[in-house]
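Q: Chain by chain, the residues:
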Amino acid sequence: DAGITQSPRHKVTETGTPVTLRCHQTENHRYMYWYRQDPGHGLRLIHYSYGVKDTDKGEVSDGYSVSRSKTEDFLLTLESATSSQTSVYFCAISEGLAGVRNEQFFGPGTRLTVL
Amino acid sequence: DQQVKQNSPSLSVQEGRISILNCDYTNSMFDYFLWYKKYPAEGPTFLISISSIKDKNEDGRFTVFLNKSAKHLSLHIVPSQPGDSAVYFCAAISSGAGSYQLTFGKGTKLSVIP
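Protein chains in written order, with the working numbering: chain A, 1 to 115; chain B, 1001 to 1114.
In case anyone wonders, no lab produced these hints; they're calculated from the structure.
Please read these numbers as outputs of a predicted model, since none were measured by experiment.
From the three backbone atoms N, C-alpha and C, an ideal C-beta is built for every residue, glycine too.
Some hints could be false.
Stated by the list, open to error - Here's a subset of chain B near chain A, in silico, CB distances under 8 Å, partners left out: (1) Pro1044; (2) Pro1079; (3) Asp1084; (4) Ser1111; (5) Ile1113.
Claimed, not checked - In silico DSS-like pairs for lysine-lysine, Cα to Cα no more than 25 Å straight-line: (6) A:Lys70 / A:Lys53; (7) B:Lys1106 / B:Lys1056; (8) B:Lys1056 / B:Lys1037; (9) B:Lys1106 / A:Lys57; (10) A:Lys57 / B:Lys1109; (11) B:Lys1005 / B:Lys1109.
To be verified - Distance windows between CB atoms, simulated: (12) B:Thr1045 / A:Lys70: 23 to 31 Å; (13) A:Ser65 / B:Ile1018: 39 to 47 Å; (14) B:Arg1061 / A:Ser65: 37 to 45 Å; (15) B:Tyr1039 / A:Glu59: 20 to 28 Å; (16) A:Arg111 / B:Pro1009: 17 to 25 Å; (17) B:Thr1045 / A:Pro18: 29 to 37 Å; (18) B:Ser1012 / A:Ser80: 41 to 49 Å; (19) A:Glu59 / B:Pro1040: 18 to 26 Å; (20) B:Thr1026 / A:Thr86: 39 to 47 Å; (21) B:Gln1014 / A:Lys70: 45 to 53 Å; (22) B:His1076 / A:Ser69: 42 to 50 Å; (23) B:Gly1083 / A:Pro18: 38 to 46 Å; (24) A:Arg22 / B:Gln1003: 47 to 55 Å; (25) A:Thr17 / B:Met1029: 22 to 30 Å.
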């Protein structure tokens, strides 16, 4: 299994509070991603990073920010949590090398509930 | 606008028979396709992939077929086993965009009945 951990694994918070989720990898992969999974929507990309301090928006980035100060860590912040952000959040990594297999490897997920 | 579509939310198959999961896509820039398997309370795990320059890729019991002209791919599992019961996601990449973003379908829940 790829070395990807997510913390916390479960969190319950209240509307309006900031929340930070952490993804940590030991594979030294260049690319890191944050997805959310919701019933009827599959997995949707929130933000991704293609290197330290290099990030970009995904399909559903509103209300989220990210930071990557080290290769191994990618943080997802909900600036002011809302009930619509109740979801399961997955981090993923990939090598991102042209011409080779580009599968992403996923972490175990964080279940976030916003009351 | 859903670029990757899995039109069957669920599929039930008897153990030992073939499972066929289908996926359609609309973006002609997609050049790499992947299937992921997901058990409850776990992250998705990579299963098998195929490049757009091929029309078939096989790995043990799993085979993926790609029909570029129809923008259609399918995952065949034979023989199906109860442990194959999971949600299967089809995903696609447009590597030319340089971001290696995966676009996922909504998933198909496969139930293999003993």
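Q: Now look at each hint and say whether the structure bears it out.
A: Here is how each hint holds up against the structure:
A hinted interface residue such as B:Pro1044 counts as satisfied when its beta carbon comes closer than 8 Å to some beta carbon of chain A; here the least separation is about 5 Å, so the hint holds. With a least beta-carbon distance of about 25 Å to chain A, the hint placing B:Pro1079 at the interface is violated under the 8 Å criterion. Against a cut-off of 8 Å between C-beta atoms, the interface hint on B:Asp1084 is violated, since the closest Cβ of chain A lies about 19 Å away. At a threshold of 8 Å, the smallest CB-CB gap from B:Ser1111 to chain A is about 17 Å, leaving the interface hint violated.
Because the smallest distance between the Cβ of B:Ile1113 and any Cβ of chain A comes to about 23 Å, over 8 Å, the interface hint for this residue is violated. The hinted pair formed by A:Lys70 and A:Lys53 meets the criterion: a straight-line CA distance of about 8 Å does not exceed 25 Å. Between B:Lys1106 and B:Lys1056 the alpha-carbon distance is near 23 Å, which keeps this suggested pair within the 25 Å criterion. For a cut-off of 25 Å, the pair hint linking B:Lys1056 to B:Lys1037 stands: about 19 Å separates their Cα positions.
Restraint check: the Cα-Cα separation between B:Lys1106 and A:Lys57 comes to about 20 Å, which is no more than 25 Å; the hinted pair holds. Our distance criterion of 25 Å between C-alpha atoms is broken by A:Lys57 and B:Lys1109, whose separation comes to about 29 Å. A C-alpha spacing of about 14 Å is found between B:Lys1005 and B:Lys1109, which places the hinted pair at or below 25 Å, so the restraint holds. Distance hint for B:Thr1045 and A:Lys70: a CB-CB separation of about 26 Å, consistent with the stated range 23 to 31 Å.
Range check, A:Ser65 to B:Ile1018: about 46 Å between beta-carbon atoms, so the 39 to 47 Å window is met. Between B:Arg1061 and A:Ser65 the C-beta distance comes to about 42 Å, which sits within the given range of 37 to 45 Å. Roughly 24 Å separates the CB atoms of B:Tyr1039 and A:Glu59, a value that falls within the hinted 20 to 28 Å. Distance hint check for A:Arg111 and B:Pro1009: the Cβ-Cβ separation is about 22 Å, which falls inside the suggested range of 17 to 25 Å.
Range check, B:Thr1045 to A:Pro18: Cβ separation about 31 Å, and the 29 to 37 Å hint holds. Between B:Ser1012 and A:Ser80 the beta carbon distance is about 43 Å. The supplied range of 41 to 49 Å therefore holds. Between A:Glu59 and B:Pro1040 the CB atoms are about 24 Å apart, so this pair conforms to the stated range of 18 to 26 Å. Restraint check, B:Thr1026 to A:Thr86: a C-beta distance of roughly 30 Å breaks the suggested window 39 to 47 Å.
Range check, B:Gln1014 to A:Lys70: about 50 Å between beta-carbon atoms, so the 45 to 53 Å window is met. In this structure the hint that B:His1076 and A:Ser69 lie 42 to 50 Å apart at CB holds, the actual value being about 44 Å. Between B:Gly1083 and A:Pro18 the beta carbon distance is about 41 Å. The supplied range of 38 to 46 Å therefore holds. For A:Arg22 and B:Gln1003, the hinted distance range of 47 to 55 Å is not satisfied, since their beta carbons lie about 30 Å from each other.
Between A:Thr17 and B:Met1029 the beta carbons are some 40 Å apart, a value that contradicts the proposed interval 22 to 30 Å.
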